[in-house]
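**Q** Can you build the whole structure from these sequences, using the hints too?
Residues per chain are reported as follows:
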Amino acid sequence: MILFRLAFKSLLSRILTVSLTIFAIALSVALFLGVEKVRTGAKASFADTISGTDLIVGARSGGVQLLLYSVFRVGNATNNVTWQSYQDIANRDEVEWIVPLSLGDSHRGFRVLGTTAEFFDRYKYRGGRDVQFVDGLAFGDLFDAVIGADVAAALDYTLGDEIIVAHGIASFTEHDDKPFKVSGVLKKTGTPVDRTVFVSLEAIEAIHIDWQGGGRSQNTISAEDVRQMELKPKAVTAALVGVTSRLKIFGLQRWVNEYSEEPLLAILPGVALSELWSLIGVAETALVGVSIMVVITALLGMVAMIFSGLNERRREMALLRAIGARPRTILMLLTTEAALMSFVAVLLGVTLLYTGLFVARSHIDAAFGLYLDITWPTAREYIVLALVVVAGTAVSLIPALRAYFLSLADGMQVRN
Amino acid sequence: MTAAVEINDVTFTWRGRTSFSLAIPELSVTAGEKLFLLGESGSGKSTLLSLICGINTPDRGMISIGGVSLSDLRPAARDKFRAEHIGVIFQMFNLLPYASPLENILLPLSFAPARRAQVDVPKDEAMRLATALGLPEEMVTQANTTELSIGQQQRVAAARALIGKPKLIIADEPTSSLDASTQEAFIKLLMTQTEDAGATLIMVSHDQRLSAQFDRSLDLAHVSRITRGTP
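If you read the sequences in order, they're chains A and G. Counting in the numbering used here, the first sequence runs from 1 upward without gaps. Counting in the numbering used here, the second sequence runs from 1 upward without gaps.
Hints listed in this document are in silico derivations from the structure and should not be mistaken for laboratory results. Since we're looking at a predicted model, the values are computed, not measured. No false leads were slipped in.
Result set (DSSO-like, lysine-lysine): computed pairs, CA atoms no more than 27 Å apart in a straight line:
no., chain 1, residue 1, chain 2, residue 2
1, G, LYS188, G, LYS165
2, A, LYS124, A, LYS187
3, A, LYS9, G, LYS123
4, G, LYS80, G, LYS167
5, A, LYS9, G, LYS80
6, G, LYS188, G, LYS167
**A** Here is the structure:
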């Protein structure tokens, strides 16, 4: 008990250096926990990119590749799914809904996705959240476009603005004869939806109707004339599928994979997402490693601080010895001080983190679409926090042992 | 009556860059005696005191305090013995700067349960001693230790040495940081309180004038023999 009092008073008398040391450890602890939060948050956000969809169907390739181009709009499909195959899947009994995805064009760096208005009802993220409109509505007219939050912010678009879709991903030929009008702006979701320009499947067909083999044909068809034509797509890039019962997912998946008319692939989004995460998750290990290094650095700073104070505290040690303290008491006094500092630092670090989370959470969600859940520390985090206190106490044994031997040698008087 | 301190045929050598060895053939202090040891700096007085306190152990010979032979005790027990039976006052830097004067006075009781049992209410006893040694009450309870004058610090140190009635008080040049007028007053108060506690007092000083108030005065040069040299 007396040790605790002495350690506390002694720390209090050196409040400036002590609080700086504590603050350094607290910051490192907050950083470590923060990285943990961002890591799990990013992982959860990633896994929640798409939900509510049971199967994604596309031309046969790899599962991750299909996920990348259909959901993340990264890379291109090697092949399309013919309209006939699409219809065959749609007509299956176990299919409750199906939403086509037609990719290939772009607008100023953002992908253009041809789909149906049903997409906005069926596409869910973060555990079943709906895609919401900030402004306007889904497609009413043939040449209506709905834009994601990032598109709206980056290009400063509002309702009624004109959009010219470019042919292909990086090309200079534009469908400038058939401009679109912004009919709706979506709320930020933190998913690739934010970076997408949505148009109707018919519109994709309409802007390509007078194109042949990647170039515009001689007989152009005006935007007015095209409205009178039947705009049936020849193919789609991929499709999102919902089944009537979860039990039927695997049956349908097998059916699609064994479809004989055309090589197709059906994937479960969750499985493909975790496959993809295992590829990019290496970065998280690096992040954790760096933050552990920062904690170690802060603890070493504390050891250095204790060491530098030892010499001027030799008289104090000699005095305690004269009063009857054992050398072991001196050792325990120093380690108690370190334990107190580490403990206070851990508490402060946790406080810093949660204060930071409360203040910045909504901003982070809005800016990065990264949703950080405010929960009590996990068991793993409690263990880490306890480890910081234990490690802080343990490393302080180095200066404490030095003090132990100094006080053995000094006895009642400081000898230099 | 058992002797408070009994030293027989003791030798001790500091091992360092230069060796320094001290030999004390015989020294005996009766219980309740007030002994003045005259010693210049370098006369081996600090070494003698740390031998009596059991912080250092002699290479040879016997030291017993109140009938207990220190060399028979293990290091931890020696530390405990010192805490229980010996009060020490140094020339300076007597106090923990971060603890209050009152906490400084009470400090030995934390290491010495028997001394703690001697006092009913530690705080009251500390205040009684402090007042008896001429310290204003509010200075003990409210002032910072670092704010005290040297004279006041020495009084706090004396109160700390005396609390719980240890059998032996050791004072190592307790007055040499004080000016002449307060030296005598301090020693008088220290003596009164030592008598009050029924303790033995050994004081070391280089100042022969202070010896007048003591029962007996010895010159360290006659008590001990010092050898210096390279080992």
